[in-house]
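Here the protein sequences come in this chain order: A and B.
Numbering-wise (numbering that gives the first Met the number 0), the first sequence opens with residue 0 and increments by one.
Numbering-wise (numbering that gives the first Met the number 0), the second sequence opens with residue 0 and increments by one.
A couple of the hints might just be wrong.
Said to hold, decoys possible - Here's a subset of chain B near chain A, in silico, CB distances under 10 angstroms, partners left out:
(1) Arg18
(2) Leu20
(3) His57
(4) Pro61
(5) His62
(6) Phe64
(7) Ser150
(8) Pro154
(9) His200
(10) Lys347
(11) Gly382
(12) Thr438
(13) Ser482
To be verified - Quick list of in silico lysine-lysine cross-link-like pairs, DSS-like style, CA-CA up to 27 angstroms:
(14) B/Lys413 - A/Lys9
(15) B/Lys413 - A/Lys413
(16) A/Lys413 - B/Lys9
(17) A/Lys50 - B/Lys347
(18) B/Lys50 - A/Lys347
(19) B/Lys9 - A/Lys347
(20) B/Lys347 - A/Lys9
(21) A/Lys9 - B/Lys400
Think of the hints as simulated: they come from the structure by calculation, not from any bench.
Quick reminder that beta carbons are idealized off the backbone N, C-alpha and C, glycines included.
There are 2 protein chains.
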Amino acid sequence: MTVLDEYHQKRAQLIADDRALRVDATNEAHFSGKARQADAILRRIREEEAKSIWAVEHDEVPHPFPGMEFLTGKDIILKTQLFNIITKMPKGALLHVHLDLTVNGTTLLALALQHPSIHIRASARITAASIKSVDIEFRPLPPSFVPQRISLCLPTYKPGEWIPLRRAREQFDAALGGMQGFDRWIANCLTMNPSDAYVTHNNNIRIWDRFRAAATLTSNLVYFLPVWRAYIRQFLEETIIDGVSYVEARINFSPKFMIGPNGEQNVPHKEWLGTFQDVLAEFRGSLRAQGRDDEFTGAKIIYTIIRNCEPEELEWYLNDCIEMKKLFPDIIAGFDLVGDENILRPIKDYLPQLLSFSTLQASQGLPEHHQIPFIFHAGETLGDGSVADDNLYDALLLGTKRIGHGFSLVKHPKLMAMCRERGVALEVCPISNEILRLTASMPMHPLPILINHGVPVALSSDDPSLFQNMGLSFDFFQVLAASNVTGLLTLGHIARDSIKYSMLTAEEKARATLKWEERWERFVDEIVRFDGVRRN
Amino acid sequence: MTVLDEYHQKRAQLIADDRALRVDATNEAHFSGKARQADAILRRIREEEAKSIWAVEHDEVPHPFPGMEFLTGKDIILKTQLFNIITKMPKGALLHVHLDLTVNGTTLLALALQHPSIHIRASARITAASIKSVDIEFRPLPPSFVPQRISLCLPTYKPGEWIPLRRAREQFDAALGGMQGFDRWIANCLTMNPSDAYVTHNNNIRIWDRFRAAATLTSNLVYFLPVWRAYIRQFLEETIIDGVSYVEARINFSPKFMIGPNGEQNVPHKEWLGTFQDVLAEFRGSLRAQGRDDEFTGAKIIYTIIRNCEPEELEWYLNDCIEMKKLFPDIIAGFDLVGDENILRPIKDYLPQLLSFSTLQASQGLPEHHQIPFIFHAGETLGDGSVADDNLYDALLLGTKRIGHGFSLVKHPKLMAMCRERGVALEVCPISNEILRLTASMPMHPLPILINHGVPVALSSDDPSLFQNMGLSFDFFQVLAASNVTGLLTLGHIARDSIKYSMLTAEEKARATLKWEERWERFVDEIVRFDGVRRN
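Full structure from sequences and hints, please.
The following block contains the structure:
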């Protein structure tokens, strides 16, 4: 053997050793030869499109690159064959999504317009000059409310006056685009725009202002029982179509009541969940009627509250969560604290309450197998040793089953080892992280660090109504496009494992995994067949 | 012990375990109590200034934050007490700097103006409309050259015509600012500007165009023997003033000749190094005359060529490097390949040549203790499994003594362990990485990942003339400002270790470390004393 041959042998071995902890190395045996062929086909397409699509100029996107800023690159992504194929992939479980931030603004507005009780108000009359900066609010009002005016745009409009939403739309100034202009404007207020993320609010501190504004406005409409019902159905429909077969969605239970059909804020948490349960049953029924049972395993809820309440107040929520678990044992899957970790309270502010949660559950008569696990958000930050970064220590010490985000985990060798050894998966949200400016683009994202260190991950969408990444295809695509190591097999392992890291029972997991594997085989088979046709 | 006490004990232990590989944990014993006091003082100042300086608005910097984009934040950095203190810190060794890109544009222009033989030309007449986009070039010309015109700005100027530099300056259009306008324009062309890095060329692919343009223009002036001599002296002066006591600078030897005083391109490598040796001796002499011997241990050169030559051509350079080592055994410290790894040749293209370098040295009669080590640039990339990322495998397999950048090393668990075990330090260049858009700001930089995983690092400035970060204070500051874990002690360990990772002999290292420790004690002593005065 020559010196060069020997070198190449050592080199190949070193690369293999370096990648030995990757999910696609440790579980290699799971997949068929067909899957490996499909993987090779996607690598070829990725390479071709890196040249034919990402290396050429596009209108208004001067220098695109694979994994670029999502809100700028989305239209280009939609043109790729790679994305088209990924939309057909079975994705497994969606484990990190905030239910009240899922359905896009245009659809949400359409849902809202079905209800005459919904009103809108603005901090100023809407004109070409004010439309970009004005604050707006929605609210369903009781039938007794009599509006004084019907347009936001006339000089007579008094700031803060409630106008019926439908009339505000019908009377929207023609100079501002009339009804279409109104729809565009509202949809815009309900989402994150490229100019917010990449220009005016381009850092992780500033961007949260835009996030909060859009999220608050969305909650004005979603936390209204009639919209709530339709919203959940819409979310399930759109998610399942993208190949997701199981969901653990977070609901923010911080408001103790949502608004009912009569315009009064008096609908308690059990009705929120009752509605969820009903919609779920209807949705299942309609899938069954279409012979699509195997596309859907189910959906559960992680009970979350915003991490700004007083520690004493948390006790009320923990008791409420237990109460909900008793009423909906198959739906409540975990407990979590949410919101900007950089400015709100750290987990450790709530230690006395959280440490006694398990005893509290037992004392309230919850059986052992119905114990509510913690599934904490932690480390969604650029901080190094900041309180937000330190949340990772508490999440793991408190026995979190998964970590929401864990963006800063890569700085913590001991915690990475704990996640690897305990099988604590990180719910990684690539597009969310990028739009919230934790990373400037996908090639800068720490995901490859986690994968190569064998830390389990589940890819997630977080807040698709704000980020325009409904389903999981966009996040899967960004991950695939930005790497030369990660391929279809890697995504396959991650999707398959998402079921393993869910809160389903062992038996449910086995069944869901089996269904996933059947769909996966059909999927890779189709890739190989289609490629054969294309090349002949 | 209560449950809460027990928890806090476990928490403290977990944090300690997580940080056990850090340089400031493993070598804790090195530093005095005084140093720990100084560390606490700097932490307090950092916290105060995070509020008093970084959380308020500044002219033209709407939302500053600690560790923000350097070219935008530099003026704010200069106002901080933290920076002021860091400028006085003994920095140890500067291990990654490209000698021909060190002295700022204004000073370089002043050096160039001393030589009537230096000419300038432009791709178009300079007007208010063309000044931002025109290409320019400098060249020393032989005395026989007779210029046809003396202004770049008159309508008679023909694109490409050489004009004497001094005359071009004197005749610069008053409407463009006259001589001052000329100086500003040239300085601007010789550096990276915030609008390049953060607006027009804001990604790691595009920014290299601006890098190459500014670097090429600089080399027009620096690779002229009379400027070369003055430039080296200027570099040494400015570096030592910042507290750096030893330098291993890279020189790009790709051009086989530089231009001599007579305007002919005929000065061979041995004269470049001979000049370096002479300047070094003069500089030492002048320090000694001022009683400042202990500020300076010395300077060596890493022989580099650009990684675009043919593999066969590399043989010439390797032989030349050996030749230079024989002539300047105390100056040549290593061999390296440089340039944009994403588009130029990977290390593995040169394997046959590089694998036989050691044999070649023996056959040419270099004694064992004069073997020239590899000190490779590798992994200066956002790629994941790209050829640039893969350079890390080859750098380590070929036995590199340190790694230039290694930005993508954090993705490689096995290679991180090798660096840790073999003591292969990464020459980390925080400001360079940020301006070249590998990271959007310091809080996104992977440095804390490296530190927490126990990978040795040496902080470096890379190309201070382009990045405006002369010395090491700016890079040290950015690292300190962007973390809550890293403190003065961490920087102290990194500075002290930079000597250990240098190519000095064991004896030289011991002497340099001792000198560093004396200066360090004076430095921390001063911090503590000054703080006592300030607070009384």
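Status of the hints after comparison with the structure:
1. Residue-level restraint check for B/Arg18 holds (minimum Cβ-Cβ distance to chain A is 8 angstroms; threshold 10 angstroms).
2. Evaluation of the B/Leu20 hint against chain A yields a held restraint, the C-beta minimum of about 6 angstroms falling below 10 angstroms.
3. Against a cut-off of 10 angstroms between C-beta atoms, the interface hint on B/His57 is violated, since the closest Cβ of chain A lies about 15 angstroms away.
4. Because the closest C-beta pair between B/Pro61 and chain A is about 9 angstroms apart, less than 10 angstroms, the hint holds.
5. Because the closest C-beta pair between B/His62 and chain A is about 5 angstroms apart, less than 10 angstroms, the hint holds.
6. Checking B/Phe64 against chain A by beta carbon gives a least distance of about 6 angstroms; that is within 10 angstroms, so the hint holds.
7. Checking B/Ser150 against chain A: minimum C-beta separation of about 35 angstroms lies over 10 angstroms; hint violated.
8. For the restraint placing B/Pro154 at the interface with chain A, the shortest Cβ-Cβ distance is roughly 33 angstroms, beyond the 10 angstroms limit, so the hint is violated.
9. Hint on B/His200 holds. Least Cβ distance to chain A is approximately 9 angstroms, under the 10 angstroms limit.
10. Given the 10 angstroms rule on beta carbons, the hint for B/Lys347 holds: about 8 angstroms separates it from the nearest Cβ of chain A.
11. This hint holds: B/Gly382 has a C-beta 7 angstroms from the nearest C-beta of chain A, less than the 10 angstroms allowed.
12. At about 7 angstroms, the closest approach between the beta carbon of B/Thr438 and any beta carbon in chain A falls short of 10 angstroms, and the interface hint on this residue holds.
13. Checking B/Ser482 against chain A by beta carbon gives a least distance of about 4 angstroms; that is within 10 angstroms, so the hint holds.
14. Between B/Lys413 and A/Lys9, the direct Cα distance comes to roughly 14 angstroms. Compliance with the 27 angstroms bound is thereby established for this hinted pair.
15. With a C-alpha separation of about 16 angstroms, the suggested pair B/Lys413 and A/Lys413 falls inside the 27 angstroms cut-off, and the hint holds.
16. This hinted pair checks out: A/Lys413 and B/Lys9 have alpha carbons roughly 13 angstroms apart, not beyond 27 angstroms.
17. Between A/Lys50 and B/Lys347, the direct Cα distance comes to roughly 24 angstroms. Compliance with the 27 angstroms bound is thereby established for this hinted pair.
18. Between B/Lys50 and A/Lys347 the CA atoms are separated by roughly 24 angstroms; this keeps the pair inside 27 angstroms, and the hint holds.
19. For a cut-off of 27 angstroms, the pair hint linking B/Lys9 to A/Lys347 stands: about 13 angstroms separates their Cα positions.
20. Proposed proximity of B/Lys347 and A/Lys9 is supported: the alpha carbons are some 13 angstroms apart, at most 27 angstroms.
21. At most 27 angstroms may separate the alpha-carbon atoms for a hinted pair to count; A/Lys9 and B/Lys400 meet this at roughly 19 angstroms.
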